[in-house]
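One-letter residues, chain by chain:
Number of protein chains: 2
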Amino acid sequence: MADLKTILHIDYPIVQAPMLGVTTPAMVAAVSNAGALGSLPLGGLSSDKARELIRQTKALTDRPFAVNLFAHAPAKEVNRGDIAIMQEFLQELCLEFNFPFEAQNPDTFQFHYYQELIDVLLEENVPIVSSTFGVLNEGITAAFKQKGVVLIGTATSVAEAKVLEQAGADIITVQGIEAGGHRGSFLSEDTTPQVGLFSLLPQVADAVDLPLLAAGGIYDSRTVKSAFALGAAGIQVGSMFIAADESAASNAYKEAVLNAHDTSTVLTQAFSGRWARGIENEFMRRMDAKGITIPYYTIQNQLMSSIRAYAQKNNLPDFVAMWAGQSAGKSARASSRDITTKLIRMLPPN
Amino acid sequence: MADLKTILHIDYPIVQAPMLGVTTPAMVAAVSNAGALGSLPLGGLSSDKARELIRQTKALTDRPFAVNLFAHAPAKEVNRGDIAIMQEFLQELCLEFNFPFEAQNPDTFQFHYYQELIDVLLEENVPIVSSTFGVLNEGITAAFKQKGVVLIGTATSVAEAKVLEQAGADIITVQGIEAGGHRGSFLSEDTTPQVGLFSLLPQVADAVDLPLLAAGGIYDSRTVKSAFALGAAGIQVGSMFIAADESAASNAYKEAVLNAHDTSTVLTQAFSGRWARGIENEFMRRMDAKGITIPYYTIQNQLMSSIRAYAQKNNLPDFVAMWAGQSAGKSARASSRDITTKLIRMLPPN
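First to last, the sequence lines map onto chains A and B. The numbering of the first sequence is the numbering used here, which starts it at 12 and goes up by one. The numbering of the second sequence is the numbering used here, which starts it at 12 and goes up by one.
Here chain A stands alone, though its shape is the one from the complex (with noise of 0.2 Å):
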């Protein structure tokens, strides 16, 4: 098996996660530069909004970077009856809390679907195209080998693992249940597997013959040695990053990160309609005493875009998305560069 960072050309077998909302060119870069690899979330943005952030970064490094895609197919069908029965909540919500309510409009929403981004990945010579959600489709998927893209993909159980091999990638990130942020699951809609990394890493490792990326609960020298214990080629950390100077967090949000305990996250539908893990509010609790249906992803994310943006503006904690993983509450306040050779120097030796 080629080796992760021959594939990778990185000096250490590290990858800072992408983190859509925490990531920015700045963050990327600093960790590229340090000698690991910056991963920069596009997923859901326009093509211009992608190529604007890639020469951002490009401009800060010389070294190769990740970019993150959402490779997930359309919503379903949308049901207008559960999206009227969300917009309610949500304005009661608003009323209570005194926020400004948007109604939104299912027949306006946009969303940016990966499929879009892949001239500019192309036009832009991006080296590393990681993505969740799903599988990249067979013609874009051929596009990237042939010139010379390397592919990782995300699984969160063996059969997803096995599935991304056949669809053709180079590296897959295997994604505990310890893992902030939304869990890459494509084989179910409703259910997302719950595997923890100590058990799913080392039986994805005995089915699919491909370098693995562990990742979800990763802090210290423990875990760094445990995760190539278990069978990783190298590690992706995503919450350790979340409070780093160059982050795009809240501070209500890092401060929220930097007092978390083991148990203080919990996993959601509420502010997406995806299962993903973060510091459990007042958000969530409301919208699971409630028990309404919450619409398939993106239809939820869209639904709650106007309240997100006015609590991450107003430093809101309680209705912002605050994603972190298991371990988040061992991460600091740092620059990108410090954590990143933090987390080298706990490599364990070749």
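Just so you know, these hints were derived from the structure itself, not from any lab. Accuracy of the hints is not assured; some may be wrong.
Treat identical chains as interchangeable: a pair holds within one or across any two.
[As the list claims (entries may be wrong)] Below, computed lysine to any residue pairings styled on SDA-like, alpha-carbon distance capped at 25 Å:
hint, residue 1, residue 2
1, K173, N312
2, K301, Q280
3, K158, N90
4, K173, S261
5, K69, H123
6, K173, N270
7, K324, N136
8, K156, A218
9, K87, D299
10, K173, S232
Given the coordinates of chain A, work out where chain B should sit on it, guided by the hints.
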């Protein structure tokens, strides 16, 4: 910190997990005779039954073994309305599947709390007592300590580990979300911590000053090595013993475990009222779909008793609780001695 093997008077830091309905005196003795620690489950049993099982085990081994207690408080006020609704649902199910239905009278529910067993354990000179679902009370802890009995508590979060240390535990079993069977959680009745072992174990190791047993997902040399790397002084293994020759599991249950994959198990309250991980089956799906309130443990456990017994007797995998962890499919049919010997060979060099 004292060495785990020294404290427990064993040759190898391996504990066979206590599994009610699976573990037999023959299994416990075989594991202890191989130099590891067998655990005899006594939770909920009468003192006569407990004494009988302890004596059966003693007849088969001169080595130390542990007994396991359910250290929970009695069920809260019984809600008769919830019980009536549940019984109606169970009766419908029995009709549909052509099972005999036995209505249970909540006034006659009998459950043997652990306090009843203490005299037996002291009289029988049991050297090691492990417990789950809570903290042994102060008087009982003192009585055990006076006799030099080693106490092992079970934690599913950092907070629970701290409570157990404070209450006088000598060793803590750290139960990751991967583990099969009942969650040992005790600080909240409505939810259960769902922390992956990978994230939980090092965080507990930093928080308490006791030797830790890693539990959940351990099945091969990679997972054994990682358990120690993450901070454990020993390992507790359950699922690998379900299909053992000495196991009391039905053949249907064994087959389901041997054919399990990484995502075959889910957490459910359907069988007992307490959260537990088992292989998903028709009964769990029906209960989930019905969405009615599941009475607290031990009420639901008692309402289910006749159905469970019938399914067990008739080898029906869809109505028996097939507790198993996320790596359970990696087990094999073998003698408990051979399973233990294989685990011993996986231990990292001292």
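A quick look at each hint next to the structure:
1. K173 x N312: Neither: 29 Å inside a copy, 39 Å across copies.
2. K301 x Q280: So K301 and Q280 pass the 25 Å test inside a copy (13 Å) and across (21 Å) alike.
3. K158 x N90: Close neither inside one copy (41 Å) nor across copies (66 Å); limit 25 Å.
4. K173 x S261: So K173 and S261 fail the 25 Å test inside a copy (38 Å) and across (32 Å) alike.
5. K69 x H123: For K69 and H123, only the intra-copy Cα distance (23 Å) is at most 25 Å; the inter-copy one is 68 Å.
6. K173 x N270: between (37 Å within a copy, 18 Å between copies)
7. K324 x N136: Close neither inside one copy (34 Å) nor across copies (64 Å); limit 25 Å.
8. K156 x A218: within (23 Å within a copy, 48 Å between copies)
9. K87 x D299: Both ways: K87 and D299 sit 23 Å apart in one copy and 24 Å across, limit 25 Å.
10. K173 x S232: between (29 Å within a copy, 23 Å between copies)
Going down the numbered hints, you'll see the structure goes against 1, 3, 4 and 7, while the others check out.
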